[in-house]
Amino acid sequence: MTGATSSRSFVKSNNLYGWLFISIAVILLAVFLLYPIVYSLYLSTTSSKGIVQNFVGLKNYIRLVKDPMFLLALKNTFTLFIIQVPIMLLLALILASLLNDKTIKFRGIFRTGIFLPAVTSLVAYTILFKMMFALDGFINTALMNLHIIKEPIPWLLDPVWAKITIMIALTWRWTGYNMVFYLSALQNIPDEIYEASEIDGASKVQQFFHITIPILKPLIVFTSIMSTIGTLQLFDEPMNLAQAGVTSATTGPGNSLLTLSVYIYNLCFKYMPDFGYAATVSYVIVFIVAILTVIQFKVAGDKS
Amino acid sequence: MKTRNIAKKIIVYVFLISAFVVSVFPFYWMIVGMTNKSVDVIKGKMTFGNQLINNLTTLFTTFDMKGVLFNSLKISVLTVIGTLIISSMAAYGFQIFSSPAREKIYNAILLSMMVPFAALMIPLFRLIVKFGLLNKHIGLILTSIASVFIIFFFRQSIKSFPHEIIQAARVDGAGEFRIFFTIFMPSMRSTYAAAAIYSFMNSWNAYLWPLIVLQTDEKKTVTLLISSMSSAYTPQYGVIMTAIVIATLPIIIVFFTFQRYFVQGMLGSVKQ
Amino acid sequence: MKKVLSLLLAVLMILSLAACGGSTEKSKTVADEPKTDVSKGQEDTKETLAEKSGKITIWAWDPNFNIAIMNYAKELYTKDNPNVEIEVVDIAKGDLEQKLHTNLASGVIDGLPEITLIEDYNAQKYLQSYPGSFTDLTGKINHNDFAEYKVSLMTLDGKVYGVPFDSGVAGFFYRSDYLEQAGYKHEDLVNITWDDFIEIGKNVKQKTGKAMLAFDLNDGGLMRIMMQSAGKWYFDDNGNINIANNDVIKEAVKTYKAIADSGIIKQTSGWDEWVAAFNAGDSASVITGVWIIGSIKAEESQSGKWKVAPIPRLNISGSVNASNLGGSSWYVIEKTKGKDLAIDFLNTIYGGNNEFYQKILVDQGAVGTYKPAQSGASYASEDAFFGGQKVYTDFSEWMKSIPAINYGLYTYEADSAIFTVMPEVYSGSISIDEALKKAEEQLKNQIN
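The listed protein sequences derive, respectively, from chains W, B and R. Here my numbering is used: position 283 in the first sequence is 283, and no number is missing along the way. Numbering-wise, my numbering comes out as the position in the second sequence, counting from 1, plus 1000. Numbering-wise, my numbering comes out as the position in the third sequence, counting from 1, plus 2000.
Same shape as in the complex, but just chain W (with noise of 0.2 Å):
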């Protein structure tokens, strides 16, 4: 054998390999993902009542301009995707330089005891917040045992307190979690680095933001990417924050806590089936991910 023809057959064979190695996860995913999302691409061209479907072309996509509900559940998703993921992050990179320092005691303590409420369920850790920010909750009785404030605070009640408090409760569950993401990475840092800015005199907050921040910064981008998604998808928690028992029909009070896969649910499920409006809806949050995506890269001047 030449080394040229052994060459040529090991890229071959290194080709049907590759092909093979990936060939149930890629069958799966062209018959679970593929398929759904082209056939829901489809549907967003129709307008349905139930099963009595229209094709419309790209009206759905007219419609959506006009469409002050779809325009709130926008609104909504943003507000809490500006303040909420630039704070939780921030405390994430907090927390985790600070259980990065070694001279901290307890730390394992700390890391778990913080990282906790990252293994409940959705579903369960929003009941769980629902009950404690009552009117008449734990955390109103609290403060004002404390006198911090005179008045119970109508957490759930005001459309303004709603997404303070459903901020709290995201901040609550993901903190930890990113922090982990930080934290795993800090302790890779040889401690050198650290010590020799020290000499230099820096001090520690220099040290966060001219060595803790740039050597997290592809972590920092992976991180506010995932957030992104998940925010803009943000379902469990409002709908379950929101429920209101039978009767009611916005999401938090004024629907404040509306968000866009809330309402792709509402139009599916809840008002007139209208599966082909709802796609639409769908394929927007995808173009808006992709944006801001693309965006966060550039922000972060990553070419990868």
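No lab work stands behind these hints: they were computed from the structure. The structure presented is a predicted model; accordingly, all values stated were derived computationally and were not measured. Glycine residues also receive a C-beta, built at the ideal position from the N, C-alpha and C atoms. Be a bit skeptical, because a hint or two may be false.
Said to hold, decoys possible - Heads up, simulated DSS-like pairs for lysine-lysine below, C-alpha to C-alpha not over 30 Å straight-line: (1) Lys1043/B <-> Lys163/W; (2) Lys2437/R <-> Lys75/W; (3) Lys1043/B <-> Lys2210/R; (4) Lys2438/R <-> Lys59/W.
What the hints assert, rightly or not - Some chain B residues well away from chain W (every beta-carbon gap over 10 Å; in silico): (5) Thr1057; (6) Asp1064; (7) Val1077; (8) Ile1081; (9) Ala1168; (10) Tyr1192; (11) Thr1216.
Please build the complex by placing chains B and R on the supplied structure of chain W, with the hints as guidance.
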């Protein structure tokens, strides 16, 4: 200088302790709730009561807690095993045998992560019915074992896997699948552990999709049971709390058993 | 290469096995489907009953109410028909609606039950969205035996599609001890308007320190009670939106704001807080559908302290002291295997068993809309929890005065539109007229 340092330390500890308390407190409350009557749970009673046995009895007699726990366990374990094998194989294929065509497929797969699940539900449901997978646990498992996120996760980790090991094994005459199963898999233990935890949590906590696929009570998972209990006209909150605690325990156990690997594996996957 | 082939084979096998599994499941057939000739609701003779066999699956929500009642119905029916298997599946309400939509929309009946519970507000939406999916029960059930307002909700193009179940007849449940302390007797609470109600509330608040009403300002339940008490809805009879120029809605919104401003309510968010508020004795009254009785009675320590009066009416001509909130009915899905058996089951129990209705009234507080049952003994019994008041006699009486309404297709959309602007009405940043105009505009754009 020294007092300033001490002051700083105090601030750091106060911050950490408050973060810890905030994070852990709801768990304490959940456990207290297990021991109280429904009315007391809503009132926000903070001390232990004597209803634990009552709540447990109701949970296991009125509701089929044993059955749903078994279902959840079965689905989650099978999903984890399937996901680990199939998704890691795919990631291995994409990374070790990279080619322009496969790269395109990979990118397309990644993009699909952005499509919200709600959009796919109706067509996906049609498929499930066509394949005769309705109300079958295998229907849930088959649709989730090729996980885009896990493929992505594994591929990131494989990037740091030394290629030389594979080359050396090839020179020794080992087949590609043997290399994968006997050399690659064992050496990526922590990545597998992290992926296992991740997919176990996802599968155990899944709500929307199981709700649609599983049609009868005897197929239900524990998350579905909790949701149906809490939407009754007269919910029994003590019992619900008990169910939540019991449903959270397996994840906590899985997590703490593999915690070390989880951190390592997460790191391996994202540092590139 | 061999390994590769075997692997591919394994995958194929998994897939085909799964597919086979599905078809074997389907081969289970109903051995002998019963012939149904039950238009009179008469009980068949023992011999023909014994022949009935097969399986019925039923979907419903709420284990303490609908599920418990259905299980009792099942017990009654299978005692006479031992070869019939009935499976009652408990699914949360929102979840049930979602499953029903997904199944109906996908056009396959394999996953559907023979019988499902549907909320009255949603009935027309299902009937019109999924034509041909529900069984026409005209002539198979004697609908004359049921309250007319219920039957009209399930009628489409002259065909009746369901079996009416529970009533949502509304009541003004109040704590007689608190009201007495404030100087009010039962007579003072009968035949009043909402304005009177607020005045009474202020007195109660002043004299007892208790809130008059446990209430969620973001919930549309009371709005629907008010609208139906005046025989109006978000839509006119032709299904056109009727909000901005609807005097009844305007009055209802005005009343909502007056209640919010009066300081007489105990604010709650969601079902559990609301129930907790009156269970804990924090509020002197609650105004809602009769189905709440189970939750009120759950707090046994308050036995003897409650009474029920008719609801207040709107201060507008045409409004009466009777209304409805919620309520649901049973529907049979067309083309399911046990369809005929399901009709026979519903007709035998829900369409003809008086005893059954007496028992569920006592056990679950379920007020059926089956008229013959309302002359039964249980309906006339005195309830010690309500200080010996014959509450069910009263409810049956009020039920007769409920104005019949066509809820149309978009009740939840309309509710959502109104309650999106309500926070602004409460804060006073826009006037009621502006708010209604805004809501109507919003709804128009949303439903085209």
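Hints, one by one, checked against the model:
1. Pair hint Lys1043/B plus Lys163/W holds up; C-alpha atoms about 23 Å apart against a cutoff of 30 Å.
2. Restraint check for Lys2437/R and Lys75/W: the C-alpha separation of about 21 Å stays at or below 30 Å, so the hint holds.
3. Distance hint between Lys1043/B and Lys2210/R is fulfilled; the C-alpha atoms sit about 17 Å from each other, no more than 30 Å.
4. Our distance criterion of 30 Å between C-alpha atoms is met by Lys2438/R and Lys59/W, whose separation comes to about 24 Å.
5. Distance check on Thr1057/B: its Cβ is at least 21 Å (rounded) from any Cβ of chain W, clearing the 10 Å threshold; non-interface status holds.
6. At the 10 Å boundary, the C-beta of Asp1064/B stays outside the reach of chain W, the nearest C-beta of that chain being 18 Å off.
7. Every beta carbon of chain W lies more than 10 Å from that of Val1077/B, the smallest distance being close to 17 Å; the non-interface claim holds.
8. With a cut of 10 Å on Cβ distances, Ile1081/B stays outside the contact zone with chain W, its closest approach being about 14 Å.
9. A cut-off of 10 Å between C-beta atoms confirms that Ala1168/B is not in contact with chain W; the least separation is 15 Å.
10. For Tyr1192/B, the shortest C-beta to C-beta distance to chain W comes to about 16 Å, beyond the 10 Å cut-off, and the non-interface label holds.
11. Against the 10 Å criterion, Thr1216/B stays outside the reach of chain W, whose nearest CB is about 20 Å from its own CB.
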